[in-house]
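If you read the protein sequences in the order shown, they are chains A and B.
Counting from 1, one number per residue, gives the positions in the first sequence under my numbering.
Counting from 1, one number per residue, gives the positions in the second sequence under my numbering.
Treat the hints with care, as some may be off.
[As the list claims (entries may be wrong)] Restraint-style ranges between C-beta atoms, simulated for each label pair:
1. A:Thr120 with B:Leu209: 30 to 36 Å
2. A:Pro119 with B:Ala233: 34 to 40 Å
3. A:Pro80 with B:Trp252: 51 to 57 Å
4. A:Pro119 with B:Ser81: 28 to 34 Å
5. A:Pro96 with B:Leu209: 23 to 29 Å
6. B:Ser81 with A:Gly161: 53 to 59 Å
7. B:His210 with A:Gly156: 32 to 38 Å
8. B:Lys173 with A:Asp62: 38 to 44 Å
9. B:Ala233 with A:Gln110: 47 to 53 Å
Calculated from the structure, these hints are not laboratory results.
We put the beta carbon where it would ideally sit given N, CA and C, even for glycine.
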Amino acid sequence: MTGGAIKAVLAAAVVVFGLAATADRMVANSAGGSSTGTGTGGVDAAKAGPPVVTATVINADDSPDVFRRAASARDAFGFPVGANRTGKHVHDTNRPTDYDEVEEVDRTGQPLALTQFDPTGRLVAAVRFDRPSVTSPKIDKEAATTAATRGLSASGVAVAGQYQADADAVLGGWNVHWDRSQDGIKVRGDETRVHVWPDGRIQSVAHVEHPLAAGPADRLGIDDAKKVVNGQFDRWFAGRASSYAVQQMTLEWVGPNATFDAAKLSAAPAPYRLAWVANVKPSGVAADYVSLVTLYVDAGDGTILGGDVVE
Amino acid sequence: MKRAEILLVSLLLAASTLGATAQAASAHRGDVWSNSDGFSSNCLGFTDTYPQQLYNLANAQLTRLGYAPLRGDLGPAFTTSAFLGNVAYPWAVYAHTHGDNYWAASGYPNVDSAILQDPGSGACNDSGRDKIRSSAIKSATHGGVFNLVIMSTCMLGANSSTMPDAFQIEKTKSSTQKEFYLGYVNSTYDSAAFRFEQAFWSYLNANILHVRSAYSAFTYAMSIGGYAYPDSADPFQANWWGNPNFNGVPGW
Numbered sequence: 001m002t003g004g005a006i007k008a009v010l011a012a013a014v015v016v017f018g019l020a021a022t023a024d025r026m027v028a029n030s031a032g033g034s035s036t037g038t039g040t041g042g043v044d045a046a047k048a049g050p051p052v053v054t055a056t057v058i059n060a061d062d063s064p065d066v067f068r069r070a071a072s073a074r075d076a077f078g079f080p081v082g083a084n085r086t087g088k089h090v091h092d093t094n095r096p097t098d099y100d101e102v103e104e105v106d107r108t109g110q111p112l113a114l115t116q117f118d119p120t121g122r123l124v125a126a127v128r129f130d131r132p133s134v135t136s137p138k139i140d141k142e143a144a145t146t147a148a149t150r151g152l153s154a155s156g157v158a159v160a161g162q163y164q165a166d167a168d169a170v171l172g173g174w175n176v177h178w179d180r181s182q183d184g185i186k187v188r189g190d191e192t193r194v195h196v197w198p199d200g201r202i203q204s205v206a207h208v209e210h211p212l213a214a215g216p217a218d219r220l221g222i223d224d225a226k227k228v229v230n231g232q233f234d235r236w237f238a239g240r241a242s243s244y245a246v247q248q249m250t251l252e253w254v255g256p257n258a259t260f261d262a263a264k265l266s267a268a269p270a271p272y273r274l275a276w277v278a279n280v281k282p283s284g285v286a287a288d289y290v291s292l293v294t295l296y297v298d299a300g301d302g303t304i305l306g307g308d309v310v311e
Numbered sequence: 001m002k003r004a005e006i007l008l009v010s011l012l013l014a015a016s017t018l019g020a021t022a023q024a025a026s027a028h029r030g031d032v033w034s035n036s037d038g039f040s041s042n043c044l045g046f047t048d049t050y051p052q053q054l055y056n057l058a059n060a061q062l063t064r065l066g067y068a069p070l071r072g073d074l075g076p077a078f079t080t081s082a083f084l085g086n087v088a089y090p091w092a093v094y095a096h097t098h099g100d101n102y103w104a105a106s107g108y109p110n111v112d113s114a115i116l117q118d119p120g121s122g123a124c125n126d127s128g129r130d131k132i133r134s135s136a137i138k139s140a141t142h143g144g145v146f147n148l149v150i151m152s153t154c155m156l157g158a159n160s161s162t163m164p165d166a167f168q169i170e171k172t173k174s175s176t177q178k179e180f181y182l183g184y185v186n187s188t189y190d191s192a193a194f195r196f197e198q199a200f201w202s203y204l205n206a207n208i209l210h211v212r213s214a215y216s217a218f219t220y221a222m223s224i225g226g227y228a229y230p231d232s233a234d235p236f237q238a239n240w241w242g243n244p245n246f247n248g249v250p251g252w
C-alpha cells in the first residue's frame, strides 16, 4: 500500500467510525514526553491553552493615527495599495508583543502588504507579500543601500552609524541593516533591517529595539568574566566526556533569558543588561550535536543572565 | 467612535466549534518530534529549555491548523525506529533536533541529509549511531503525500539538503501541490529558531479562516528582524520550498 493510500484509508476510517472523541484522547495521550517542565505548563496545557493571538478590529474612524502612519509608511516604501485596508490591534501572548497592524488586501481578501506599529506608534515591521519578477535587473550593494536609506528617510525611521549590506542567498536582493549600539556597545539583536529586492524595491523593513537597564557602576573586567565562564563550564562538563574552548568574549547588551533555567520561563521580559557574551565551542562527545554554547555574564555582578545554543 | 471593541471572542468560540467539527469530519495526523535528552544536563551539564518550548509550540499550532491527532514525542520515544515506523501516516511532520547535510554512503559529493534521534534517557547523541537519514525516511514514507514539513534544525534548509525529497516535496518555489517545507540554511541559534517559529505560527494562524499562506507567514517571519546568529558566516536564514499559495491546512 502506498503512503497516500495509507493516509486515505486512515482518514476515511475515522470518519466512518466517528472517532473524533478518540482522536482527542489520542492527542492528550500522545503528548507524553519527558517531564522536564517548562514552568509554563506541560505539553497538554500548551495544546489546550488560550489563543496566542487576540485581535481587536480597528478602523480609520476610530484609529486615524494608525491608518495615517500606515499609509505614510506604505508609500515611503513603495508598497502596493490594496483595494481594501483592514486594521487590528494584536495582543500576541506567544511572542509576547502588542502592536497595531494595517493590512493592504486585494479584492479577494489576500494580503498584499502590512505595516505594524508598537503602542508608542513606532514602526516595528513593514512587509510586502508579492514576489519580484525573476527576470528583473539586479542592483548592486551600493544601489540597495541607497534604496534602503531613501525609504527609511521617507518613512521617518532614523538610522545612524555603520551599516552592513549582505546578499540574501534565499530571497535574492540585499539585507541592509544598522545594528543598534548604546555608548558604543552592541545591543544584541536590536537593529533596523531592510530587505531590498534585486530590482531595487523594498520588500520589508524591521525595527527592533529593547529597553536597556542602567549600566553597572563597576564593570567586571574581561579576565574576571572569563573566570566566571570557565567556572560555569567546568561545573557543567565535570565528569563528562566533553571539553570546551572559549572562542570569544565581547561586551553586549543582552536580554536575560531562560535558556539554561526552566524556572525563568514564566518571567516577564526584563530590560536588557550589559553583559560579557562568551562563545564557547564544545569538543569531545558534545561536539557531535552542539556546535556552540553562548553564555551571558552580567557585567556588573558576574551572574549568569542566560545565553543561547546552536544544536 | 472609540476603537472598536470587537474582541474576537465570539469568533474564537466559533472557530473552536468549527475546529471540533472539522476534526470530527476527518483525521489528518501530525507528528511532532523533539530531541531533549541530547540537550539535557546529563550530556551538557545544563538542560537547554528550547527543545520543550519548540515542541509545545509546534503541538499547539499544528492543532490550530487542523492536524489531528498529534503523535510523535519529546525525549526518549523519539527513536529512529519510532520515527521511521510512523512516518507513512502523518500529513505534517515537525522535528527539532540536530540536523546536517551529511555525505551519503556513496561518499562525496553526494549528500544524504539526516536528523539525530533522541539518544534516550541517560545517554548522549552519537552521530554515528543516531542519524535518521533522508534516504531511509523516503523509503519509509512509501511515496505518501505531506502537506507541511518543518525541520527545526541547522542546515536542512540549505540548497544541498536532501530532506525535502524524503517527503516528496520538490525543491521549487512554484509547486501547485498542497505542500510546504521549512528549514534553516545555516547553523542556527535555538533562540532564533524559536523567534522565527513564533512569528511564523502567529501570522499563519492569526486568521481563523486560514486565508493566509504559509509562504506569507514565512515572509513575515523573515521580515521581523532581531535574529541572533553565531557569526558572519552563519547569518540567520530560513528557507522554504513548495506551493506559495498553500495555507498549510491538511488534506489533498
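Each hint tested on the structure:
The supplied range of 30 to 36 Å is met by Thr120 of chain A and Leu209 of chain B, whose beta-carbon atoms lie about 31 Å from each other. Between Pro119 of chain A and Ala233 of chain B the beta carbon distance is about 37 Å. The supplied range of 34 to 40 Å therefore holds. The given range of 51 to 57 Å is broken by Pro80 of chain A and Trp252 of chain B, whose C-beta atoms sit roughly 32 Å from each other. Checked against the given bound of 28 to 34 Å, the beta carbons of Pro119 of chain A and Ser81 of chain B, roughly 51 Å apart, lie outside it.
Between Pro96 of chain A and Leu209 of chain B, the C-beta spacing of about 24 Å keeps the proposed range 23 to 29 Å intact. As the Cβ distance of Ser81 of chain B to Gly161 of chain A is approximately 54 Å, the hint placing it in 53 to 59 Å holds. A C-beta distance of roughly 35 Å is found between His210 of chain B and Gly156 of chain A, which places it inside the suggested range of 32 to 38 Å. At about 39 Å, the CB distance of Lys173 of chain B to Asp62 of chain A agrees with the hint of 38 to 44 Å.
Evaluation of the 47 to 53 Å hint for Ala233 of chain B and Gln110 of chain A yields a failure: the beta carbon distance comes to about 37 Å.
When each numbered hint is compared with the structure, violations occur for hints 3, 4 and 9.
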